[in-house]
Amino acid sequence: MSKVMVVTSGKGGVGKTTSSASLGAALAQRGQSVVLVDFDVGLRNLDLIMGAERRVVFDLVNVIQGDAKLPQALIRDKRLETLSLLPASQTRDKDALTEEGVGRVIDELKERFDWIICDSPAGIEKGATLAMRYADVAVVVTNPEVSSVRDSDRIIGMLDSKTRRAESGERIDKHLLLTRYDPARAARGEMMKVEDVLEILAVPLLGIVVESPDVLTASNMGAPVTLHNPASPAAQAYVDAARRLLGEDVPFAQPAARQQGLFSRLFGKKAAAA
Amino acid sequence: MAVDRVERQRRRDSAADIFDLPTVRLRGRNVLALVLAPEFPMSDWFTAFDRQLNAAPGFFADRPIVADLRPALSQGGQQAIGLVLDTLALRDLKLIGVEGVEARQLAGTPWERLATRLHGRDTAVETPEADPDAPSSTEADPEAEPAAAGQTSLLIDRPVRSGQSVVFAEGDVTVVGSVSSGAEVLAGGSIHIYGALRGRAIAGLRAGASARIFCRKLEAELVGVDQLYRTAENWGAGLHGRAVQVMCDRGSLRLSAFD
Numbered sequence: 185m186s187k188v189m190v191v192t193s194g195k196g197g198v199g200k201t202t203s204s205a206s207l208g209a210a211l212a213q214r215g216q217s218v219v220l221v222d223f224d225v226g227l228r229n230l231d232l233i234m235g236a237e238r239r240v241v242f243d244l245v246n247v248i249q250g251d252a253k254l255p256q257a258l259i260r261d262k263r264l265e266t267l268s269l270l271p272a273s274q275t276r277d278k279d280a281l282t283e284e285g286v287g288r289v290i291d292e293l294k295e296r297f298d299w300i301i302c303d304s305p306a307g308i309e310k311g312a313t314l315a316m317r318y319a320d321v322a323v324v325v326t327n328p329e330v331s332s333v334r335d336s337d338r339i340i341g342m343l344d345s346k347t348r349r350a351e352s353g354e355r356i357d358k359h360l361l362l363t364r365y366d367p368a369r370a371a372r373g374e375m376m377k378v379e380d381v382l383e384i385l386a387v388p389l390l391g392i393v394v395e396s397p398d399v400l401t402a403s404n405m406g407a408p409v410t411l412h413n414p415a416s417p418a419a420q421a422y423v424d425a426a427r428r429l430l431g432e433d434v435p436f437a438q439p440a441a442r443q444q445g446l447f448s449r450l451f452g453k454k455a456a457a458a
Numbered sequence: 005m006a007v008d009r010v011e012r013q014r015r016r017d018s019a020a021d022i023f024d025l026p027t028v029r030l031r032g033r034n035v036l037a038l039v040l041a042p043e044f045p046m047s048d049w050f051t052a053f054d055r056q057l058n059a060a061p062g063f064f065a066d067r068p069i070v071a072d073l074r075p076a077l078s079q080g081g082q083q084a085i086g087l088v089l090d091t092l093a094l095r096d097l098k099l100i101g102v103e104g105v106e107a108r109q110l111a112g113t114p115w116e117r118l119a120t121r122l123h124g125r126d127t128a129v130e131t132p133e134a135d136p137d138a139p140s141s142t143e144a145d146p147e148a149e150p151a152a153a154g155q156t157s158l159l160i161d162r163p164v165r166s167g168q169s170v171v172f173a174e175g176d177v178t179v180v181g182s183v184s185s186g187a188e189v190l191a192g193g194s195i196h197i198y199g200a201l202r203g204r205a206i207a208g209l210r211a212g213a214s215a216r217i218f219c220r221k222l223e224a225e226l227v228g229v230d231q232l233y234r235t236a237e238n239w240g241a242g243l244h245g246r247a248v249q250v251m252c253d254r255g256s257l258r259l260s261a262f263d
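First to last, the sequence lines map onto chains A and B.
Using the working numbering, read the first sequence as starting at 185 and increasing by one per residue.
Using the working numbering, read the second sequence as starting at 5 and increasing by one per residue.
Check before you lean on any hint, since a few could be wrong.
Said to hold, decoys possible - List of simulated lysine-lysine pairs, DSBU-like, C-alpha gap at most 30 Å:
#1 Lys221(B) with Lys195(A)
#2 Lys221(B) with Lys346(A)
#3 Lys377(A) with Lys195(A)
Worth flagging that the hints you see were computed from the coordinates, not collected in a lab.
With these hints in hand, go ahead and build the complete structure from the sequences.
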């Protein structure tokens, strides 16, 4: 039974595309067949993060408009056999997407893949609403800052009202992925704490990805961090999140311990300097 | 929508009496007006409307009615305006105003005294027949909670998210969960929030000054009861995060903590 998962946030720049790529790769590494669908028509990025920008021939809009067949547009990842990409068009805009067309493509993808991961554009307009329209599962990517949290809250409201599932009276499975978290800054009160974000959004936590240069390096190299640097804390956080998506019970204790360690290290350094 | 009521005073003949005259007090009042938008074919529309009217005659009694003439005007032109208003008047409805036409289009007709520029916003209304397609049931926000027929209170069993607007003019609203920053709850009666109030809550659209707002944790942007309102910077930081009730007290808004 395949699952349609939207990765969304409302606000831009919080890490939707990075998280889509990393979660997709982590799921594929665990043997799932995964397709990443870039819904950011006009501002596509997922192909770059996946290192596939030179292999794009056809895209989502071509498939929706019938100019290409789905297998022609799908790009199979060179590192992971079970991971594919359906890129967005860079030369079109979101009006090229239709609800009916997106539904048709997603139905076709469901026949081929276990996970259809829809990388949503920022905002609450057509691109974002169509990316979430057919989702069974939603990953809400949030940074620990007030603007991101409020935008995520808005998106959660839309997930509960504007998706197919919500309209037919079912509930959509929502998960919170907290990214760019800096334990040291949170401890100093410069950043919202995990508990505060969870209290406001009232959505179960899928994972905490600590702010790290590994993520940026991986993106620039055209590889998800789970492939580029599997030992990094960020990669580990995505792997844990993917395991939770697969229903495994992965405790959160480890990242908390690491945060404390980092904080006390920092504190220790300061004490030594003084 | 607001209908200002002037308490009239008797006129005195002598200008010297001016200091003896009573003060004229102006009071604001919110009443719920029903908006009707008859459309062509008129015979069908009025047949359907008469059926509703007969099913629940009390529903329209003493309710101010606003006629939305946009459909009639666009489909039948100028002469349809008089036809619609005459036909509505035959049914003993309390017309207070019209929408979608200019005052000059009513000039010279028996209807020229009707208000053409009523301010107000659409709220949910239960129609006597629970007809989901009824045109009189419009929401200020498509995400707002629908009100089921016959209810006098609305229970919302999940958080009210940023950007959502819950408008329930018929009575009390209870939210089991939080009301987020950027969300709003408007109720005809009182508002009960079993969670944090971080957005806006406005109570007493219909009940007036007797309505109250209760919340487990006050982090609101704005609270209001019966036309009085206050923003977060106008209450003490000491109330922040506490369980609070908001009420009208001798013409001003009072916030007090429970604990």
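Hints not upheld, ascending by number = Nothing - there is no hint that the structure violates, so all of them hold.
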